[in-house]
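Peer 1: What follows is each chain in one-letter form.
There are 2 protein chains.
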Amino acid sequence: MLEDKNQNSTSLSDLGEFGLIRHLTDAIKLKHKSSVKGVGDDAAVLHFDKQLLVTTDLLVEGVHFDLSYVPLKHLGYKAVMVNLSDVYAMNGNATQITVSIAVSNRFPLEAVEELYAGIHLACKMYGVDLVGGDTTSSTKGLLISITAIGEANKKDVVYRSGAKPNDLIVVTGDLGAAYLGLQVLEREKQVFQANPNAQPELDNYTYLVERQLKPEARKDIIQLLKDLEVKPTSMIDISDGLSSDIIHICQQSEVGCNLYEDKFPLDPQVIATCEEFNIDATMVALSGGEDYELLFTISLDDFDKIKGNPNLTVIGHIVDKNEGMHLVTRANQKVELTAQGWNALLKKD
Amino acid sequence: MLEDKNQNSTSLSDLGEFGLIRHLTDAIKLKHKSSVKGVGDDAAVLHFDKQLLVTTDLLVEGVHFDLSYVPLKHLGYKAVMVNLSDVYAMNGNATQITVSIAVSNRFPLEAVEELYAGIHLACKMYGVDLVGGDTTSSTKGLLISITAIGEANKKDVVYRSGAKPNDLIVVTGDLGAAYLGLQVLEREKQVFQANPNAQPELDNYTYLVERQLKPEARKDIIQLLKDLEVKPTSMIDISDGLSSDIIHICQQSEVGCNLYEDKFPLDPQVIATCEEFNIDATMVALSGGEDYELLFTISLDDFDKIKGNPNLTVIGHIVDKNEGMHLVTRANQKVELTAQGWNALLKKD
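Quick note, the sequences are listed as chains A and B, same order.
In terms of our numbering, the first sequence opens at residue 43 and continues consecutively.
In terms of our numbering, the second sequence opens at residue 43 and continues consecutively.
Pulled out of the complex, with its shape left as it was, chain A reads as follows:
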């Protein structure tokens, strides 16, 4: 669908690098006082009184996304979310991004515009300025590298390393849907390859597919925590999978944990689809990844402040390091947690 079949399409070579940059960034209006100067010089100029958060992520076609079922606009949106999520996971406010893309000549300008439409939409929805980047050609496929910048008062920054024994482990939203969305899309792709006239059947999986294609970073939770006057003792975003990410917190905090299987927040579509696909919903919740929910720990004293909030679920608690990291099953068995999360270097799809 992305090949340059359209007679009216514009080739990237006709525009040239500078033409393309101008074309993609002309309409940008900077919103943040901290954005002194955006695109158009050797470097962007920013000004901060607070502490600065910087994070970067690389998305590679054929490794992180498959353009046969990922619309480019969604891809642009998601690429921004992946980075903003890391800023929120520090309890900060995302303020700027830079976007670099490498793109092969098989993409017409209109395809790159679609990608940037998603990037610009994400910037607008999340109040972030696009202040710089780089565009270049690639010998194969599409690659997106985004760096996100955010700010936080020094006293508000939350690291992975602050969890203490008896802290509660809290997760936002629900788990596993993005992974199942990917499985559904992969299945439909195979059906389509076997029979190109087949119509995709996605009606029963709308939530799963949306979670995969258009995740939302939890900016709202950072505001909610401020409103509730709760500062987490540690925090991470769930990109690799609950299991892998709680292990990061435990290792960096030098503690252990117990997670309770019966507490995991699962959407009804996740439960139904796990039954249909004959896979264990707990495994999906633990190892699925790409949920972009926030996983954090709070002091027991703060429990009353979050109790009953529909956005937040307590799924376990922190224990001493020598007690290890475990899942407590519905049958009350203790199973050691392992990092089976999505691993970019092993994944070969």
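Each pair may be met inside one copy or between any two copies, as identical chains are not told apart.
Straight-line alpha carbon distances no greater than 25 Å define the calculated DSS-like cross-link-like pairs of lysine-lysine that follow:
(1) Lys79 to Lys197
(2) Lys73 to Lys196
(3) Lys231 to Lys182
(4) Lys79 to Lys268
(5) Lys197 to Lys71
(6) Lys92 to Lys197
(7) Lys347 to Lys197
(8) Lys363 to Lys206
(9) Lys79 to Lys92
(10) Lys79 to Lys206
(11) Lys71 to Lys92
(12) Lys196 to Lys92
(13) Lys197 to Lys75
(14) Lys256 to Lys231
(15) Lys166 to Lys268
(16) Lys75 to Lys196
(17) Lys206 to Lys305
(18) Lys75 to Lys92
(19) Lys73 to Lys92
(20) Lys79 to Lys363
(21) Lys115 to Lys182
(22) Lys196 to Lys71
I should point out that these hints are in silico values taken from the structure, not numbers from a laboratory.
Quick caveat: nothing in here was measured; it's all calculated off a predicted structure.
Chain B: place on chain A using the hints.
Peer 2: Just chain B now, with coordinates in the frame of chain A:
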């Protein structure tokens, strides 16, 4: 030379993403007070009182570099230089970088280590902290995305847009050597492909090859300008080529310029090799690119401060916009400048 032929080599899949990140970043010691927290959380945490400079560049195998003659350690070093150069071009001090790489499984760990050895060396030589990044697999080849962060007092930041009529146009170092170095390396590659027993003959081109493979960003010039108490009115680094880059300055400053062919600083090896290759040295100086020298304008009042400095050459002056942008040849003819610089989206080598 980079394929995984070594029986003792370590596969990237064995390490996994987190193992690789730890392996590559374990020894990092942060040097800047502004680096509050580096690698190992969702985002790096920085603290600045000054203005912040952010720039990013993407280098793609087969587009920006050819691993058949670019050693990985040099590549890592150069990838950092390309970014630092943009920070210096704002008259700032580079303080941190993030490094993201996408790498196919044909690279053994030792190859990635070589790349990072060059990155770490560049950080050490230029006093820059590596504070974050991302590593992932690619379906083809190697890709490096670096974001550099720097700082400057608000009053010191130099944009491309401040050049005024009668300002002098100054360039650092000499021009065209990096481009010729590339031509020499390409020629040797073809000789080698025709006859794999041929020994490379690079003795007469050492300066050119070094300028191509291991450029140095002009941090020293930023200090020199401070010492001389000269603040340029506009500045850019020469990455695309003198012609293309002076056009950027003129367009953003809404002025014209006259460059004088007989003033261009050329190394003797550039002149000799241009004769050998039968190409025009002036064209090479104008359009070669990748020099990573600084190109800036200064007020006529500051001329006495820079006069006679061996690092700085006055090559022309700024004129009114309606006079256009020209090269004045040795024969005193005026030729309109065009942006024939290296264009990432058109280059197909």
